[in-house]
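Novice: Given next are the chains, with one letter for each unit.
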Amino acid sequence: MTAIAAPPARIREAASRDSALATVHFRLMVLMLLVSGVVLLIVAKLIWMGVAAGPQRANVVSGGFVPARADIVDRNGEPLARTIDGWSIAIHPREVISDRRELAQKLAALMPEHSAAWYWRALNSNRKFVYLRKRAMPELVRQVNALGEPAVALGREPERLYPQGMMAAHVLGFVDNDSIGRSGLELTNNGRLTDAAQRGEPLMLAMDSRVQAALESELNAAMVKHSAAAATGIVLDVHTGEVVALSSLPSYNPNVGPDANGVRSNELNMATQAVFELGSTFKPLTIANAIDQHVVTDIARRYDARAALRVGGYRIRDDHPANRWLNVPEMLTLSSNIVTAQIAEQIGAARMERYFRALGFYDKAAIELPNPRRPLTPHFWARTTVMTSGYGHGIAITPLHLANAYAALVNGGILRPATLLRRRAGQVPAGRRVIAPETSALMRRLLRLIVTDGTGRRADAAGMRVGGKTGTADKSSGGGYNRNARVSTFAAAFPMDDPKYVVVAMLDDPHGTADTGGFATAGMVAAPIVGKVVARIGPLLGVYPDEARDVDLSDLRGMIWKPKAER
Amino acid sequence: MLAARFRSVYWVALASVAGLGCYMVTQRVAAERTSLEKLERDIWRTRMSIRNLETELGTRGSLSQMEKWNIEVLDLRAANSAQFVREGVQLASLNASPVPGAPATVAAVRPAGVVQAKAEVPRPAEPRVEQPMLRHANYVRPEGERITPLPQRVALSGAGPLDSSALADIGRIARVEAGEAREQ
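Respectively, the protein sequence lines represent chains A and B.
With this note's numbering, letter number 460 in the first sequence gets 564, and the count goes up by one each step, no holes.
With this note's numbering, letter number 119 in the second sequence gets 151, and the count goes up by one each step, no holes.
FYI, nobody ran anything at the bench for these hints, they're computed from the structure.
Quantities reported herein were computed from a predicted structural model and do not represent experimental measurements.
Possibly wrong hints are sitting among the right ones.
For lysine to any residue, the following SDA-like pairs were computed, each having C-alpha atoms within a straight-line distance of at most 25 Å [stated by the list, open to error]:
1. Lys-238(A) / Gly-366(A)
2. Lys-329(A) / Lys-100(B)
3. Lys-604(A) / Phe-116(B)
4. Lys-329(A) / Gln-97(B)
5. Lys-100(B) / Asn-324(A)
6. Lys-149(A) / Thr-66(B)
7. Lys-149(A) / Ser-48(B)
8. Lys-149(A) / Leu-52(B)
9. Lys-149(A) / Cys-54(B)
10. Lys-70(B) / Pro-171(A)
Short, incomplete list of chain B residues facing chain A, as computed with Cβ under 8 Å [as the list claims (entries may be wrong)]:
11. Met-80
12. Leu-95
13. Ser-96
14. Ala-110
15. Ser-113
16. Arg-118
Built from N, CA and C at the ideal position, the CB exists for glycine as well.
Using the sequences and the hints given, assemble the complete structure.
Specialist: And the structure:
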């Protein structure tokens with residue numbers, strides 16, 4: 105009975121201690137497994153990351169540079185619009201710590217576009233963030249920073265810069281503060297310019313900036329010289345419809361935002377958004393129509409121009425009456441309204457309207473510019489309408505319409521939509537025939553005759569074989585015509601032996617000067633612009649002056665009657 | 033025996049050397065890649081600054097500014113049709129006298145400013161704004177007959193291929209050669 109030495113309670117105690125120990129071990133084991141599991145997991149993840157993940161590369165490093173908004177370049181790659189990083193100056197009004205009134209005065213001294221009161225209101229407004237100036241110069245930024253106000257926020261923001269300033273402003277347009285196009289190509293091509301896939305590639309225009317600069321400089325000189333209200337010029341490639349230069353003066357600087365009232369002056373593009381009665385420049389178009397329609401079968405046939413025509417209550421008269429019978433070359437060189445009216449009447453209303461429709465005079469100009477103006481065309485073709493529209497009265501079109509029609513007139517008779525964008529060799533549209541090729545060939549010689557022997561003598565740039573037609577129209581005002589205000593236009597093409605470019609120059613309300621004998625007619629004020637422009641841009645466009653070459657006009661000259669003394 | 037015992041140690045050492053080598057290669061590649069990225073970022077930054085400088089240059093030298101300088105400072109005009117040479121014969125004719133043998137007389141080449149300067153001699157105080165700011169060096173001709181204009185020979189045409197002395201030379205050489213040919 106001595107077998108049991110320990111009391112049973114202790115045995116029980118030992119047994120329970122063993123099991124408790126086992127439990128502890130078990131728990132420790134589980135804990136260790138958990139920890140090592142986690143460690144293993146982390147190690148596995150690290151290995152996985154090392155093995156599976158490819159090399160991480162910084163996003164910026166892509167070699168190329170993609171601007172926030174695509175550049176616009178001319179046909180030679182010269183930049184016309186670019187997005188750069190500009191400075192902006194803003195303020196957090198709630199965080200201003202210095203004296204607000206004093207700060208407002210200092211800001212007004214640095215940025216005088218707003219008054220000190222305006223800045224004081226801005227500083228006391230309950231807004232979180234107020235822009236004080238966008239497009240700030242680094243110098244100004246440094247000065248504002250030197251004020252030492254921590255609430256001023258200086259930031260870098262993409263800013264649209266037009267390196268050529270006012271040049272081609274109406275073509276390029278401008279963007280608003282949020283970099284959204286608001287005018288010109290910036291508006292019509294906004295999608296293309298901001299599209300992530302395409303904005304790395306600059307938008308190439310058909311424009312040649314050197315030609316544009318020459319055109320604007322000559323137009324501006326003439327506008328100032330003749331105190332004209334406005335001036336417009338277009339240079340158009342006759343074979344592709346590309347607009348090589350397009351200018352509307354007075355212009356504006358797209359780099360400068362609107363004034364305090366949000367108004368931007370001179371925004372109207374006179375070349376596409378304004379219509380004019382372009383006068384006698386229509387005469388070659390009418391003659392081409394008449395020849396195509398077999399109304400004029402012989403240009404030597406004479407028409408009575410001895411007296412003014414009376415049609416209804418209206419008198420059609422010539423500015424320089426010849427008081428004799430005139431044939432077609434004489435009618436064009438003397439610019440006779442009477443003869444043109446007779447020919448237009450023979451063509452008739454239906455065929456006149458059909459022809460003007462074919463030339464696109466009933467549609468808005470097809471061009472990549474916003475809000476092109478629809479021409480004012482006759483709804484009812486009265487007898488007077490038929491006659492006057494033959495010489496460009498009673499129908500108002502944009503200068504671009506005229507340039508496009510002249511391109512068709514001289515290029516063999518094919519009308520193509522004009523474009524501001526570069527057309528590569530394969531992208532030129534086929535166009536549609538509006539004038540017979542033989543008629544076009546004759547018209548080239550007649551246009552050249554007007555410059556050598558007619559009203560366009562002042563456009564005859566030496567060796568450039570310019571041909572064109574003058575057009576002086578009284579400005580319509582309040583239902584009648586103002587005989588003291590006129591629109592003087594010269595529509596031309598060069599070189600006439602193989603026309604490549606059409607040049608249209610127009611002055612709105614020019615005044616005569618001493619060297620024009622006080623006259624403000626197109627031959628005196630608009631033709632010299634074309635002459636000077638052609639002499640400057642010809643060599644730039646690959647047309648070199650050659651005084652040994654010209655169009656053979658001997659047969660046409662023979663038809664022009666001259667008084668005995670001059671023969 | 034010893035080697036056999038330490039075989040496992042060798043294996044471990046070998047494996048760790050190989051692993052370390054691989055790791056070093058990885059590190060090396062990563063370092064190269066980093067420097068490449070840095071280089072690419074430098075290229076990008078340089079392109080950006082080229083673009084900015086180009087833009088600045090284009091803005092400062094815009095076409096209207098150029099025209100202003102051309103007219104007001106340099107007095108340059110667009111070339112006229114007589115200044116274009118169309119063929120080689122025309123180019124050669126620029127260097128020849130109008131008549132072979134006759135001395136070429138040319139008007140003294142005067143910049144535009146000289147003619148105006150002559151007119152302003154009696155009243156030199158009057159400022160002339162239309163003159164270009166930068167002009168060729170010129171002098172003001174004295175009034176009257178103190179200097180009689182002499183016909184000037186242009187150096188080039190004097191040494192030209194067809195003036196009288198050259199023709200005489202050609203004739204002399206021809207005679208000598210003809211004589212030599214007869215002797216042979």
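Novice: Between Lys-100(B) and Asn-324(A), does the CA-CA distance stay at or below 25 Å?
Specialist: holds, 13 Å
Novice: Are the Cα positions of Lys-149(A) and Leu-52(B) separated by 25 Å at most?
Specialist: Answer holds: Lys-149(A) to Leu-52(B) is near 20 Å, not above 25 Å.
Novice: Are the Cα atoms of Lys-238(A) and Gly-366(A) separated by 25 Å or less?
Specialist: Roughly 15 Å separates the two Cα atoms, so the pair holds.
Novice: Given the hinted pair Lys-149(A) and Cys-54(B), is their alpha-carbon gap at most 25 Å?
Specialist: holds, 19 Å
Novice: Let's test the interface hint: is any C-beta of chain A closer than 8 Å to that of Ala-110(B)?
Specialist: Interface hint status for Ala-110(B): holds (4 Å vs cutoff 8 Å).
Novice: Any CB of chain A closer than 8 Å to the CB of Ser-96(B)?
Specialist: holds, 6 Å
Novice: Regarding the pair Lys-70(B) and Pro-171(A), is the alpha-carbon distance no greater than 25 Å?
Specialist: Answer holds: Lys-70(B) to Pro-171(A) is near 21 Å, not above 25 Å.
Novice: Given the hinted pair Lys-149(A) and Thr-66(B), is their alpha-carbon gap at most 25 Å?
Specialist: holds, 24 Å
Novice: Taking 25 Å as the top limit, are the C-alpha atoms of Lys-329(A) and Gln-97(B) close enough?
Specialist: holds, 20 Å
Novice: At a threshold of 8 Å, is the proposed contact between Met-80(B) and chain A supported by beta-carbon distances?
Specialist: Check passed: Cβ of Met-80(B) comes within 6 Å of chain A, closer than 8 Å.
Novice: Given the hinted pair Lys-149(A) and Ser-48(B), is their alpha-carbon gap at most 25 Å?
Specialist: It holds: about 21 Å lies between the C-alpha atoms, which stays within 25 Å.
Novice: Does the nearest C-beta of chain A fall within a distance shorter than 8 Å of the C-beta of Arg-118(B)?
Specialist: holds, 6 Å
When the structure is compared with the earlier hints, no violation turns up for any of them.
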